[in-house]
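K.L.:
Residues per chain are reported as follows:
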Amino acid sequence: MLELFGTSVNLAPIWLTLEVAAITTVVLLLLGTPLAWWMAKMRSSNKVLLEALVALPLVLPPTVLGFYLLIVFNPTGPVTEFLRFFGFEGQLTFSKTGLVIGSVFYSLPFAVQPLMHAFEAIPQRLLDAAATMRAGFLDRFFTIVVPLSQRGFLVSATLAFAHTVGEFGVVLMVGGNIPGQTRMVSIDIFDHVESLEYDQAHILSAMMLIFSLCVLMLVYGLNRRFGVKVG
Amino acid sequence: MLELFGTSVNLAPIWLTLEVAAITTVVLLLLGTPLAWWMAKMRSSNKVLLEALVALPLVLPPTVLGFYLLIVFNPTGPVTEFLRFFGFEGQLTFSKTGLVIGSVFYSLPFAVQPLMHAFEAIPQRLLDAAATMRAGFLDRFFTIVVPLSQRGFLVSATLAFAHTVGEFGVVLMVGGNIPGQTRMVSIDIFDHVESLEYDQAHILSAMMLIFSLCVLMLVYGLNRRFGVKVG
Amino acid sequence: DTANIAVAANFTKTIEEIGQLFEKETGHQVKFSFGPTGKLYAQIKNGAPFDAFFGADEKRLLKTAEDGIGIEKSYFVYAQGQIALYSANYPVAEHALEVLKEAKFNHLAIANPKTAPYGERAVAYLQKVGLYDGVKAKLVNGESIAHAFQYVVTNNAEIGFVALSQLVDPQSPVYQKGQYWIVPQSEYKPINQGAILTQRGANNAAATAFMEFVKTPKAIEIIQRYGYNVQ
Amino acid sequence: MILGNLRLQLGHFQLDSGEFALPLQGVTVLFGRSGSGKSTLLRAISGLDKQTEGQLRVNGEVWQNGKHSLPTPERHIGFVFQDAALFPHMSVKQNLQYGLKRLPKAERMAAEADFNAIVMRVGIADKLDRGVNFLSGGERQRVAIARALLMRPQLLCMDEPLSALDWRSKSELLHLIEEVVAEYRIPMLYITHAPAEVERLADRVVFMKDGRIDTIETLQEALARPDSPLFDDQGAVSVLQGQPLPSEEGLHPIRLGADTLWLSEGMDTQREQVRARILARDVSISLSEPQDLSIINHLQCTILELLPSGEQRLLVRLQMQDGQKLFAEVTRRSAERLQLTAGRTVHALIKAVALTE
Amino acid sequence: MILGNLRLQLGHFQLDSGEFALPLQGVTVLFGRSGSGKSTLLRAISGLDKQTEGQLRVNGEVWQNGKHSLPTPERHIGFVFQDAALFPHMSVKQNLQYGLKRLPKAERMAAEADFNAIVMRVGIADKLDRGVNFLSGGERQRVAIARALLMRPQLLCMDEPLSALDWRSKSELLHLIEEVVAEYRIPMLYITHAPAEVERLADRVVFMKDGRIDTIETLQEALARPDSPLFDDQGAVSVLQGQPLPSEEGLHPIRLGADTLWLSEGMDTQREQVRARILARDVSISLSEPQDLSIINHLQCTILELLPSGEQRLLVRLQMQDGQKLFAEVTRRSAERLQLTAGRTVHALIKAVALTE
Ligand SMILES: Nc1ncnc2c1ncn2[C@@H]1O[C@H](COP(=O)(O)OP(=O)(O)OP(=O)(O)O)[C@@H](O)[C@H]1O
Ligand SMILES: Nc1ncnc2c1ncn2[C@@H]1O[C@H](COP(=O)(O)OP(=O)(O)OP(=O)(O)O)[C@@H](O)[C@H]1O
Ligand SMILES: [Mg+2]
Ligand SMILES: [Mg+2]
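Chains as they are written, first to last, in our numbering: chain A, 1 to 231; chain B, 1 to 231; chain C, 1 to 231; chain D, 1 to 357; chain E, 1 to 357.
If you're looking for bench data, these hints aren't it; they were derived computationally from the structure. As the structure is a computational prediction, the values presented were derived from the model and not from experiment.
Computed list of chain D residues with no C-beta within reach of chain E, every gap over 12 Å:
no. : residue
1   : F20
2   : G54
3   : H76
4   : F87
5   : A106
6   : E107
7   : A113
8   : A125
9   : R212
10  : Q220
11  : Q241
12  : E272
13  : R275
Straight-line Cα separation of at most 20 Å, DMTMM-like style, residue types lysine to aspartate or glutamate; simulated pairs:
no. : chain 1 : residue 1 : chain 2 : residue 2
14  : C       : K138      : C       : E120
15  : C       : K45       : A       : E81
16  : E       : K93       : A       : D139
17  : C       : K63       : B       : D199
Quick reminder that beta carbons are idealized off the backbone N, C-alpha and C, glycines included.
Next comes chain A alone, as it looks inside the complex:
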């Protein structure tokens, strides 16, 4: 609990949000990097379909997305069964895992698009040159691609993080709003509004607004200065 302008603010949802956003960002970078690389190198017209699929969360209502994730990740559903088969225990939804999964889907375009653009901007010749100097694929990836797409990774990570922080619909559906476990800031703001605690809602909203603005300015600053494409 924190006292701010005479109003006590429960910090647990903030920490949880930051934690989930951090984990989501890591997961997104781990999954998004190969996906973005693959997309960057694709030439076929499937690429258009894949790009559209990745971008889908940008235009779908989050509650709709959340509702279907809820159905797909149902503990008796096929996805969970499949994972059980590999020794997975526990449940995908209504836990931090659920929050992370939901956020990963929701923030996917924000992570994949800047990475893809960064990868596309790496001149093929540099990779060719490395290949003639006896560097294999992974060697080239880590010694040439990664250092040269630093800014792409940074933009990707900050956008994914910020977007997860601002996430509401999916998280509410998939997470279940359990205090300390799945209640994130955006839901908390809403609970405050519901229970007529407008002061707390205002304070949390202001914090979120300032945070988002800072993150975006960072991203666009990098973008201007280093020519990383965003979004």
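Knowing the structure of chain A, use the given hints to seat chains B, C, D and E with the ligands on it.
P.N.:
Just chains B, C, D and E with the ligands now, kept in the frame of chain A:
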């Protein structure tokens, strides 16, 4: 009413959604074009702040945005008073006007960013050449800039339209869910879920999913083929 | 023990107060997840880890029993919501029916009659007293009773049917401001808010204890203080 | 006259021309290293950069006064850019007509009357209906030149119009520009890096350095010094002016005072004056009038001076009988063997084929 | 030997080399118009394009067999790209060491021992700690060449390594590459558009056309025809090979059989053979041995044939006393005046300064 797979679907929210999305798109193009032009020509570091502000709806929870729009747009609030001064009658909330204004805020980045990129890609020399051929500013804008950013306008318009169609939080908060007036598809889906009418929800969601996918593929197809940057 | 309990959003403050008392007296822990009743139902149906479900109506609670998730014999009505007509400027305390009949206001806020019992009862009452057709065009639907209340609080609707609990809470932004009129309970079918234990909660000592605790006079006192009736 | 003193700050680069005066006739070439501010100065003169400050009067009209500047559309100039800057969404014809439509009525009528003549002159009459993206680089520049000419500008600016072209298009277009200059007599400001273009076109050269105007010289002055910036890896160059004579036996003579210089390449005999560009290394020296030699041009000259050029070579400055100067490059060894000294009369041998008009 | 037959489809472009065999020694130049598939062939040979199909054996090792191809890292080649392709996030030294670290131990030790020698040779010893973005174009290419040499490749590929440089860096680097070729004796595949580079470096020329190999000729064969694709706007060119002799009085003689050719530019006298490139238009013909003339080189030749070249010019093919062929360009008028006919003995006059090694 439409019978589909043995389930009756109310079409009114669909028509309303398309109408609001269309109006929003027009408004966004009208407002977004000068804004995007101004931003494309800006060199100062304010540009970063402006870009961040325009992108804010991408990372803020829409319900939070909606809640504050509700406060700002109230009929005795300064915004409405200001509009009254110019002869505006009626109310911003609970009307198509409100839906459009809310959607304009929410879809702003989707309209402005592709336009800005399209404008930035127009070689200054073409405008200079036109100036030496006695074309004034507006003349140049309509005879050179607009035709050359056609694809940018198309991407801008389709993304703004699709995003408005998929809009939920803001519209829910500001609209008042009045059947035939402000009940949009995304809210309708939500209501069906709430009242356990899952069949209708599934049908509407599927329609929306397919629609969004088509729009995005169109956009990315254009993007690939004509090099218009998206998002 | 710790119990996770899903609670309809309108009951947020009340149950938090009961929960604190409960934790102090029994040493058990309770965690509340708030949300719209329909969404909570969808979550429970898809495996949400809730030990008990305090809804805003009876229908969706009993449906869980039908689905084999809720334990039918644990079902009881823990509170009855009371509808109040509130306005900041109209003399509803004395002349509620006249105000409704004249219908000089622009907007009358209610909760969505399709998804929220408060809204449904309000509409039923208006129909019963023959005023529905007169105000039909002015109805705006909040997604929940809290949302309807936001419309009134933010001045977007001049008048609205809200929950008595939202008016008598000392933290409420309209506490002792404006006027309200409690619709006599005899005029509408009681808004029975039902609670049910889930299969998951059957073996949870905290959950079962809490179900009983809500029936104790101490709890009832709190419930009544927040403006609900208890049978 | 163009009278001016312009300043313009672009990022870290500062243009500060200093006071300058240029006659509003013939071709003025802006010459200087990359980044010396040639394009920036030309853009400042054209009013294309809004931040320009200073003074500029052209033909008595005020184009720039402090921060106040006459908008480009009202300056009545033509501009040809390095990459032509054609409007990609218009056909060739539409590109040409873009400016026409914006001329006042009277001028428009006159310009439309010229349309066919100019289009023929520039050699794009058969390409009017093409999309500009289907033109070669050379054709694009032709359209750009026609487009600028059609506006009947009082000043024609060209910023490296040939530098993006291959050598064949370059030489064709250089020829075209030369003819346009002679025919339409529009004063021209021309930027180039190529000494060959300067030697062919320039009446005067504005040398730029670090954002300022260093010197303004006539072409003859600029070519007189052996260390002229106009000399590149091919070494020193002389430009001789003469009157074209009717061709004989497939050769094209030029009269230089009493002498005749034979060119193997054709030229426009309608013109009063033509220029021949001669590399110093293509000029040999003979003490006597040589016989039995495939070299046709033997011009009698007087040695003015011997200038060292590199380690083992000398640049010999010769004066021809009509007073024009000619450089010859010889090895020290030859110079010693032939005992070349200032004042001696010699024969300059120039292979006819080595000349380009 | 390189034995191959490679196919590669890129969009609408189809490479189909046809069977070819190239000795794995000396410099093989790929020459052809833009878009003829030179780069594509070189990339196919290097294994940089995964879709390559066909056959390729290099020194007996199978590099490509049908769709199966040996990965580039295992082909042990070096590659120098047009724009150097230095890693921008590394210093010069790190760029040079990138490949070294990936060599097997024994080779690495040997390469590290060569490090200083190569770095000195290429002239970048004082730039090792620089960031590569602070290098000039010429310096970048030097680093790229050193980087490739350090890998001790069995084949060195260069795709237009000089085309992005200014003329001064071009000539310095051409010199360097020539020396590297002579010194390290690494077989080289070299792409260029510039005839001058072909004439300086090539042992044989692969002419490409529309995605196929048109012909493979030795340099002498390629230069023998008057319509050789290697001749550009400067016209026909001859390349004479000779032994360098010690310089005298600042001039640099080359022995061509019994004759001596004097160059004013220095060359590496350690080398067994050097080449002199002579433009036909720089060669004049005299019937008698001329006196009093600043032209030093007078070579006695026999006229082999007279070939028309343009409207008013003739190309005279001469045979020198040591059997090498030399082109001279003269006007028809001169040819008639001097009565030049095949079989006649004449003197070819070449200004010393006009030679470039
Ligand atoms: N818009 C700009 N913002 C910042 N710096 C600029 C801008 N335009 C040009 N410059 C800088 O101004 C300097 C002069 O540029 P300018 O184009 O006038 O040179 P130039 O003499 O025309 O060179 P070049 O021969 O390469 O065309 C350069 O250092 C360039 O980097
Ligand atoms: N990745 C690619 N996809 C499709 N077409 C390609 C690709 N790379 C090259 N091409 C096409 O293949 C043809 C041959 O290209 P290539 O680069 O081999 O020519 P080149 O002879 O090296 O030309 P240049 O002299 O201009 O370098 C060109 O028409 C080019 O457009
Ligand atoms: Mg310039
Ligand atoms: Mg190539």
